[in-house]
Amino acid sequence: MNYKLRIKIFNILIYLILTILAIFWIFPIYWMFITSLKPEYETIAWPVKWIPIPPTWENYKKILGNPVDTPVFIWFKNSFIAAFSYSILGLIVSSLSAYAFSRMKFPGRDRYFWFLVSFMTIPGIIYLIPNYLTIYSFGWVDDLKSIIFPGLASVWGVFMLRQYFLTIPYELDESAKIDGANKLYILWKIIIPLSKPALLTLGFMNFLSNWNDYLWALICLSSPEKRTLPVGMLTLQGRYIHFYGTMMAGAFLTALPALILFVLLQRYYIRGVVMSGFGGR
16 MNYKLRIKIF NILIYLILTI LAIFWIFPIY WMFITSLKPE YETIAWPVKW IPIPPTWENY
76 KKILGNPVDT PVFIWFKNSF IAAFSYSILG LIVSSLSAYA FSRMKFPGRD RYFWFLVSFM
136 TIPGIIYLIP NYLTIYSFGW VDDLKSIIFP GLASVWGVFM LRQYFLTIPY ELDESAKIDG
196 ANKLYILWKI IIPLSKPALL TLGFMNFLSN WNDYLWALIC LSSPEKRTLP VGMLTLQGRY
256 IHFYGTMMAG AFLTALPALI LFVLLQRYYI RGVVMSGFGG R
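Under the numbering used here, think of the first position of the sequence shown as 16, with each following residue one higher.
Just so you know, these hints were derived from the structure itself, not from any lab. Nothing here was measured: the structure is a model prediction, and the numbers come from that model. Treat the hints with care, since some could be wrong.
As the list claims (entries may be wrong) - Pairs of lysine to aspartate or glutamate, EDC-like flavour, derived with a Cα cap of 16 Å:
| no. | residue 1 | residue 2 |
| --- | --- | --- |
| 1 | Lys120 | Glu186 |
| 2 | Lys204 | Glu186 |
| 3 | Lys204 | Asp188 |
| 4 | Lys198 | Glu186 |
| 5 | Lys160 | Glu240 |
| 6 | Lys198 | Asp188 |
| 7 | Lys241 | Asp158 |
| 8 | Lys241 | Asp157 |
| 9 | Lys92 | Asp228 |
| 10 | Lys120 | Glu189 |
| 11 | Lys241 | Asp84 |
| 12 | Lys92 | Glu240 |
| 13 | Lys92 | Asp158 |
| 14 | Lys77 | Glu55 |
Said to hold, decoys possible - So the derived label-pair ranges between C-beta atoms look like this:
| no. | residue 1 | residue 2 | range |
| --- | --- | --- | --- |
| 15 | Leu131 | Ile68 | 49 to 59 Å |
| 16 | Pro145 | Leu249 | 20 to 30 Å |
| 17 | Met119 | Ala37 | 35 to 45 Å |
| 18 | Met135 | Ile35 | 26 to 36 Å |
| 19 | Leu31 | Met119 | 47 to 57 Å |
| 20 | Ala60 | Ile38 | 20 to 30 Å |
| 21 | Ile22 | Ser133 | 35 to 45 Å |
We treat Cβ as the ideally placed atom computed from N, Cα and C, and that holds for glycine.
Using the sequences and the accompanying hints, generate a full structural model.
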């Protein structure tokens, strides 16, 4: 067997494995969507109908058409405001910190950085009580600020951006300093424009993390009009526990914005994650 044939067979096997893995990842989303388009009696029918004929939108009308019991649009607005604010503010905090740890020189810089990174080994559940006591002292309980500000200082965000910033040639900073640029100017005009893949990746990850957050939002938000989508959709389990089509419609509505955002940003997401692993100095 010659070399080219072995390479061809190897590539076919790789693509076959990737295709199988992709099917495993996509199937739950497909199943959720087609179940949401079925009448309730078809969701438990046997044999299974893989394509609902005819599809029905009644499950979506049941959720979206009842603003009193299921104010989905209010929950969507709350989730979007919280996730978008968390994403933008998190980028600001992380980029400033990452710039200091990657481009500025001060005693103990690397020691302080790796000390911060060590906090990534601590489970997030440990911070629940301290964070709750903090927002309680600020009077932010049952307020969207309670799910935005805690966690803005993300160690993972600082680590990711710092690693990416290290891949940018330091000579650009030196050239800008010769022209009289200060550190904030260098960050804003040089580092940030060259780091769009990493920033978009981290912004997407921040958005997705806040959008899907259930436990912290459940603890902090109690009023129906203050709930986010994951917490609000929990009410469907009590009201429609045996109505699987309705529950799948609610789940699909919750997942849809994140899916759309990932499709739009996947090119930058992959590049940002890959390049963040090559930093080092």
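Q) Does the hinted range 20 to 30 Å hold for proline 145 and leucine 249 at CB? A) holds, 25 Å
Q: Take the C-alpha atoms of lysine 77 and glutamate 55, compute the straight-line distance between them, and say whether it is at most 16 Å.
A: holds, 12 Å
Q. Has the hinted range 49 to 59 Å been met by the Cβ atoms of leucine 131 and isoleucine 68?
A. holds, 56 Å
**Q.** Given pair status - glutamate 189, lysine 120, alpha carbons within 16 Å
**A.** With a Cα-Cα distance of about 13 Å, the restraint between lysine 120 and glutamate 189 holds, given a limit of 16 Å.
Q. Between isoleucine 22 and serine 133, is the Cβ distance one that fits in 35 to 45 Å?
A. Once the Cβ atoms are compared, 43 Å apart, the range 35 to 45 Å for serine 133 and isoleucine 22 holds.
Q. Are the Cα atoms of lysine 204 and glutamate 186 separated by 16 Å or less?
A. holds, 14 Å
**Q.** Pairwise hint evaluation, glutamate 240 against lysine 160, where the allowed Cα distance is 16 Å at most
**A.** Holds, because 14 Å separates the two Cα atoms, which is no more than 16 Å.
Q) Cβ-Cβ distance between methionine 119 and alanine 37: within 35 to 45 Å? A) holds, 43 Å
(Q) So if I understand the rule, the pair passes when the alpha-carbon distance is 16 Å or less; does lysine 92 with aspartate 158 pass? (A) Holds, because 14 Å separates the two Cα atoms, which is no more than 16 Å.
**Q.** Hint consistency between lysine 198 and aspartate 188 [alpha-carbon to alpha-carbon, up to 16 Å]
**A.** holds, 9 Å
Q. Hey, lysine 120 versus glutamate 186, does the alpha-carbon distance stay inside 16 Å?
A. Holds, at roughly 15 Å.
Q.
Given the hinted pair lysine 92 and aspartate 228, is their Cα-Cα distance within 16 Å?
A. Roughly 15 Å separates the two Cα atoms, so the pair holds.
In the structure shown, no violation is registered for any of the earlier numbered hints.
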